[in-house]
Every structure is written in C-alpha cells, then in structure tokens.
Amino acid sequence: MRPARIGKSGKTLDLFLDHLERWIPNLRRYARALTRDREQADDLVQDCLERALSRRHLWKVDGNTRAWLFTIMHNIHANDTRRNSSRPITVPIEEDAGHHARPPSQTLRVAGLETAAALQELPNEQRQVILLVALEGMSYGEAAETLGIAQGTVMSRLSRGRERLRRMMEDGAPGLRIVK
Amino acid sequence: MNGKPYEIDESELHAWVDGQLAEARRAAVEAAVAADDGLAARAGAYRAQNEEIRALFGDAAHEPVPRHLQPHRVAARWNRRRWLVPFAASAAWLAIGLAGGWFAHDRLGEGAVVEASRHVASQALSAHRVYAVEVLHPVEVFADQEAHLVKWLSKRLGHQIRTPDLTPQGFRLVGGRLLPAEGGAPAAQFMYENAAGRRVTVYVSLYRSGQETAFRYQTVEDVGAFIWLEPDMAYAVAGDISREPLLAVSRIVYDTLEPVE
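Quick mapping for you: the protein sequence lines, in order, are chains P and W.
For the first sequence, my numbering gives the first residue as 29, with consecutive numbering after it.
For the second sequence, my numbering gives the first residue as 4, with consecutive numbering after it.
Derived from the structure by calculation, the hints contain no laboratory data.
All C-beta atoms in this analysis are idealised placements derived from N, C-alpha and C, irrespective of residue type, glycine included.
One thing to keep in mind: the hints can contain errors.
What the hints assert, rightly or not - Reference listing, derived: stretches of chain W covered by chain P, where coverage requires no fewer than 3 residues with Cβ under 8 Å from a Cβ of chain P:
no., segment
1, 44-51
2, 71-78
What the hints assert, rightly or not - Pairwise CB distance ranges (calculated):
no., chain 1, residue 1, chain 2, residue 2, range
3, W, 28, P, 107, 31 to 41 Å
4, P, 46, W, 158, 20 to 30 Å
5, W, 37, P, 90, 39 to 49 Å
6, W, 250, P, 92, 20 to 30 Å
7, P, 178, W, 44, 44 to 54 Å
8, P, 107, W, 201, 40 to 50 Å
9, P, 82, W, 185, 34 to 44 Å
10, W, 34, P, 191, 18 to 28 Å
11, W, 138, P, 83, 52 to 62 Å
12, W, 22, P, 85, 29 to 39 Å
13, P, 83, W, 28, 37 to 47 Å
14, P, 107, W, 150, 45 to 55 Å
Input sequences plus hints: build the corresponding full structure.
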C-alpha cells in the first residue's frame with residue numbers, strides 16, 4: 029500500500045489512526061502492567077503512538093497492527109529501563125504534590141499483591157511473555173512476532189517464568205518484601 | 004509423580020492452560036493431568052496466575068482513553084510540531100538547511116506563506132478591533148444559544164466547527180458572528196471574555212492557501228494575533244493580552260478546531 033501521508037484530509041492517515049485507536053486500551057493495560065504506574069504507563073503509550081506515527085510508512089493495512097504497536101512499545105520500554113537504571117526517577121514539578129503520595133500498589137487488589145510483587149521479580153523477558161499471553165491473550169505465534177523471537181523461545185520463557193512465579197508464590201517470600 | 008507425565012510435552016500443558024491447545028490433543032492432555040498430581044498442581048497454579056494478572060491490570064483497558072492518547076489528536080499535535088522544528092535531516096533538507104538556515108520547510112514557500120499569513124492576520128485583527136470594543140452588540144448570537152451558533156457557522160463555512168473551551172485560561176464564550184472574508188467567502192468569529200473584561204477572538208475563514216504552517220505571531224498596536232494555515236482554512240486568535248497567555252489560548256484553539264475527519 030501507499031505510505032500514509034500526514035495531512036489533514038489523507039484517507040490513508042485516517043485509516044491508520046483508526047487502526048491505532050482500536051488498540052489504545054490494550055496498550056494502556058499492558059503498559060500499566062509493565063510499569064505498575066498510571067502516569068508512567070500513559071507516558072509510555074504516548075511515546076509509542078508518536079513513534080508509530082513517525083514510522084507510519086512501515087505500517088501495513090493488512091498486517092498485524094497490534095503486534096506492530098506492542099513491538100514499538102517494547103523497544104521504548106527497554107530503552108527507558110536501560111536509561112533509568114542509571115539515574116534517579118524524575119517527576120514533573122507540578123505533579124510532585126499529589127501523585128507521588130499515592131503508591132502504585134494502592135490500585136492493586138489485595139489478593140493480587142503477591143502475584144504483582146512476584147511478577148516484578150521475574151526477568152523482563154519472562155515477564156513480557158507471561159503478560160502478552162495472560163493479560164493480552166495473544167497466541168504464542170503472535171507473542172513471538174511481537175518480541176521478534178522464535179515460538180519455541182516464547183514457550184521456554186513462558187514455562188520458566190510461570191514455574192518461577194509458582195515457586196515464589198509457594199514460598200510466599202518475595203511478595204510483602206517489595207510491596208510498599 | 005504417578006502415571007505417565009511425559010506423554011505430553013511441556014508446551015502442550017501451557018497451551019491447555021491458555022486455551023491454545025489443538026482440539027485433537029485435548030483429551031490426551033486432560034488424561035495426563037488427571038493422572039498426575041504434579042501436572043495438575045502446576046496447571047492449576049498457572050491458571051490462577053493468569054486470573055490474578057487479569058484481575059490486577061485488566062481494568063486499565065476499560066478506562067476512558069484520555070484525550071492526549073487519542074491517535075487523531077496525537078497526530079494533529081505531532082503534525083504541528085513537525086512544522087515547528089526542522090523535519091527529517093534527509094540529505095536534501097540538510098543541504099537546504101545548511102545553505103539557508105533553519106525552518107527548511109517554511110523557507111521553501113516563505114514569500115507565499117508570509118503573505119498569506121499577513122493577509123489573514125490583518126482580517127482577524129481588523130475584526131477583533133471592530134467588535135471586541137462593542138458593549139451592546141459584540142456578537143450576533145450569544146453564548147446562551149451556543150448550539151445554534153455552532154450549527155449556523157459550521158453550515159455557512161461548510162466545515163464542522165467547535166467552540167474551544169477556554170475556561171481553564173479564564174475565558175468564557177461571549178458568542179460569535181459571521182464575517183465577510185476575501186472574495187465573498189464567509190468567515191466566523193468567536194469572542195471570549197475573562198473576568199477582567201479582556202477579550203480574545205477566534206477567527207476561522209475559508210482560505211485556500213494550499214499551505215500548512217506553524218503558528219505565526221503578528222501585532223498591530225497593542226493587539227496581537229497567532230495565525231496558522233491549513234490548505235483550505237485559515238485560523239487566527241487575537242487579543243490584547245500578552246504573548247504567552249495568547250499562545251496558550253491558541254494551542255487550545257488549535258487542538259479543538261483541527262479537523263479530525
């Protein structure tokens with residue numbers, strides 16, 4: 029297909045934006061699970077949308093838009109994580125007062141606290157696969173496409189991640205140590 | 004570990020938990036799980052993990068999407084920014100940029116853009132100066148008939164117009180009127196007023212420039228205006244307030260009036 033052109037009357041652009049719109053709730057949900065923070069999650073979604081726009085020429089109308097968007101989000105998140113690991117988290121001044129006071133865990137159901145905490149303990153690559161499959165309901169093939177890995181790798185990460193989660197839950201140890 | 008756990012493979016257990024198992028293998032997996040407490044415990048734990056994860060984060064997908072995350076709005080904003088900074092350092096633009104300085108896009112048709120913007124600015128500023136000082140008849144249709152006003156002006160301009168909400172900036176809608184623009188074309192003016200009685204007007208006209216531009220700022224005496232062009236429309240926000248608050252108002256007007264077809 030022709031590249032979508034950014035222009036106010038471009039039909040292709042509208043189609044592209046409609047496709048993006050369809051997946052915003054999914055992106056928000058997944059971002060929330062990755063970051064465990066509402067503001068950070070929505071920032072991630074916004075970055076993802078802007079990058080998708082800048083790469084709209086790579087979008088295919090008959091392709092898998094969800095996998096394409098999730099791939100973009102993963103890349104941004106991976107970069108952010110790398111960058112933030114070496115520097116303190118900054119909060120915009122005007123948001124400092126209200127938002128900081130609310131711990132992310134408050135939005136989590138009490139019954140799920142241990143699961144949430146255990147999930148944070150997993151290596152990122154295992155957490156991603158589990159979230160794509162469990163939360164997003166992706167097929168293994170789609171998760172593989174999203175992450176750019178073989179389906180066999182998806183299965184082994186899923187298996188190791190789930191087993192690790194199960195052990196942690198059985199031991200009951202990590203949960204309440206992490207939850208603030 | 005009783006029974007024969009290795010009749011199914013590990014991935015089949017997960018596929019069963021996730022509802023992704025091929026129908027033909029279902030009976031085999033269910034039999035294996037029934038015969039093996041260890042497998043059954045794992046399957047139960049994995050299923051519980053799935054449910055916990057959905058319960059933890061699922062709600063986020065059902066919250067209303069904030070405006071700043073709506074793709075059509077992100078695109079409009081993004082597009083505006085594209086014109087505010089030099090876009091894409093591709094070789095051609097870079098060459099022009101090095102030779103001619105910044106704002107490669109704007110510079111290409113600079114004469115035409117400047118002329119068109121000046122023209123629109125003068126119309127918007129004139130309209131502002133004539134009507135903003137009116138006490139009794141500042142508008143034709145007052146804000147108490149806002150729905151009618153919007154419908155009427157949208158119809159006359161042949162474009163769906165919305166009235167920007169400027170209350171966060173302290174301005175409430177007074178009303179609006181129809182104006183003549185160049186060549187017998189219609190234009191619309193919306194007037195806003197703050198608590199101090201300062202007025203800001205929003206000017207929208209059918210104006211075929213074929214250009215898209217960044218905000219431009221122009222003043223005549225103590226009235227300033229931000230102007231921007233779309234290929235078929237021209238917009239201006241005028242007021243005798245200082246540049247920064249006028250820019251803040253203009254950004255909201257831009258976000259509201261940007262056609263999202």
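Hint check:
1. Proximity of the segment 44-51 of chain W to chain P, defined as three or more residues with a beta carbon under 8 Å from a beta carbon of that chain, is established by the 3 residues found.
2. Counting residues of the segment 71-78 of chain W whose beta carbon lies closer than 8 Å to any beta carbon of chain P gives 7, which reaches the threshold of three, so the coverage claim holds.
3. Restraint check, residue 28 of chain W to residue 107 of chain P: a C-beta distance of roughly 40 Å satisfies the suggested window 31 to 41 Å.
4. Judged by the Cβ atoms, the range 20 to 30 Å given for residue 46 of chain P and residue 158 of chain W holds: they are separated by roughly 27 Å.
5. Between residue 37 of chain W and residue 90 of chain P the CB atoms are about 43 Å apart, so this pair conforms to the stated range of 39 to 49 Å.
6. A C-beta distance of roughly 41 Å is found between residue 250 of chain W and residue 92 of chain P, which places it outside the suggested range of 20 to 30 Å.
7. Checked against the hint of 44 to 54 Å, the C-beta distance between residue 178 of chain P and residue 44 of chain W comes to roughly 29 Å, which is inconsistent with it.
8. Separated by about 45 Å at the C-beta atoms, residue 107 of chain P and residue 201 of chain W satisfy the suggested range of 40 to 50 Å.
9. Between residue 82 of chain P and residue 185 of chain W the Cβ separation comes to about 36 Å, which falls inside the hinted range of 34 to 44 Å.
10. Judged by the Cβ atoms, the range 18 to 28 Å given for residue 34 of chain W and residue 191 of chain P holds: they are separated by roughly 22 Å.
11. In this structure, residue 138 of chain W and residue 83 of chain P meet the distance hint of 52 to 62 Å, their C-beta atoms being roughly 54 Å apart.
12. In this structure the hint that residue 22 of chain W and residue 85 of chain P lie 29 to 39 Å apart at CB holds, the actual value being about 36 Å.
13. Between residue 83 of chain P and residue 28 of chain W the Cβ separation comes to about 39 Å, which falls inside the hinted range of 37 to 47 Å.
14. Between residue 107 of chain P and residue 150 of chain W the Cβ separation comes to about 47 Å, which falls inside the hinted range of 45 to 55 Å.
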